[in-house]
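Colleague: Note that the protein sequences, when read in sequence, are chains A and B. Take the position in the first sequence, starting the count at 1, then add 8; the result is the number in this note's numbering. Take the position in the second sequence, starting the count at 1, then add 220; the result is the number in this note's numbering.
The hints are simulated quantities; they were obtained by calculation from the structure and are not laboratory data. Quick caveat: nothing in here was measured; it's all calculated off a predicted structure. Each residue gets a CB set at the ideal place from its N, CA and C atoms; glycine is no exception. One or more hints might be untrue.
Stated by the list, open to error - To be clear about the criterion: a stretch of chain A counts as covered by chain B if any three or more of its residues have a C-beta under 8 angstroms from a C-beta of chain B, and this derived list gives those stretches:
(1) 47-57
(2) 108-117
To be verified - From chain B, some residues computed to sit far from chain A (all C-beta separations above 12 angstroms):
(3) Pro-228
(4) Val-272
(5) Thr-306
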Amino acid sequence: KNQVEQSPQSLIILEGKNCTLQCNYTVSPFSNLRWYKQDTGRGPVSLTIMTFSENTKSNGRYTATLDADTKQSSLHITASQLSDSASYICVVTPAGNNRLAFGKGNQVVVIP
Amino acid sequence: EAQVTQNPRYLITVTGKKLTVTCSQNMNHEYMSWYRQDPGLGLRQIYYSMNVEVTDKGDVPEGYKVSRKEKRNFPLILESPSPNQTSLYFCASSTTGVTEAFFGQGTRLTVV
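Next comes chain B alone, as it looks inside the complex (with noise of 0.2 angstroms):
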């Protein structure tokens, strides 16, 4: 079956303490994101890479870091949580060009 995998669904940790969401996909996908979603604001693109080892900055991508060493694998990094993290974490991968997205089930994060 095809799937973007998100690992954990949940996590509850304390400020500071590094974490990582892992997220993979099994579809040969070039394009995979990040996004996290808040009450009133809605879904923004964290980070977002186009192929292996290529990576970009999103709209909000303090505080995060990704790495994309394999094609279907593409982490989440917070190297130093904060509380302002607290948030729910959308991974989604797609071909590239102008093709449907498949999304995650979501990670949601409570930094403590």
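Pulled out of the complex, with its shape left as it was, chain A reads as follows (with noise of 0.2 angstroms):
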């Protein structure tokens, strides 16, 4: 069965510092890894969107890295603000077919 297992759980941060979600996964063969942020009691909103071929891609503070040799993804927060308290989703396609491989999620605290 395909895995996506994300580290820490959860974690809490003091605004302003940087902090990195780990993301490990067994799908293969691998069609693209996306993270998503999700606040409380709202729908998932997509952050980054990687295929096999990127190994770094960028949305304002947030960077995403892949490495689809070891089959390990990371996100990394820089300066973080209080609004970045969410939960931090990392999913993975499989290449021919769309039964989405989630993990659990990384939960974020940023105290002022």
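With the hints as a guide, bring both chains together as one complex.
Modeller: Printed below as a string of structure tokens:
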């Protein structure tokens, strides 16, 4: 079964600090990997999408990396803000079908 | 405004009473899908549709039905709801290929 594991499950960071979230997956063959941000009680919002050939992609203060050889991705948040408090979900799409594999999310809390 | 609209937002129903959660998108997207989100389990895909009259099972299709008679609508049908279907449901849409998915606001369903 294709799996996506995210770590840490949760973390608390001070406003203005950086943090990095990890996503390891076993999905194979692989099509693309997405990071979503989900605020409490709302639908996920896309942050980045990366295909096999891409190893980094940025969206403002969010930078995602991908190592398709080791099947690892990370999401780096720079100069965190209170509005970054959310769950960050890693989603992997297998090649050849649309049965997405979801991680359980990284819960981030930014405190003043 | 480009959006995915789900209705209702909140629903409390009794076991066995058929219900439909509607999902509509105004972006002419080919791909639509349904997910449920439960604490500790994350998002799980129920059904997806690549285009009109084309639907396929996700990871947790048991107890659900879908239809795609028009491109913009993708209703989720629970013929005989049970308490284990109490969950937060999301609909999403996108164009085909490696593109951003847009999620609805969510439907919180409680089956008693």
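Colleague: Determine for every hint whether it applies to the structure shown.
Modeller: We went through each hint and held it up to the structure:
no.	hint	result
1	47-57	holds (count 7)
2	108-117	holds (count 5)
3	Pro-228	holds (15 angstroms)
4	Val-272	holds (16 angstroms)
5	Thr-306	holds (16 angstroms)
In summary, the structure agrees with every hint in the numbered list given earlier.
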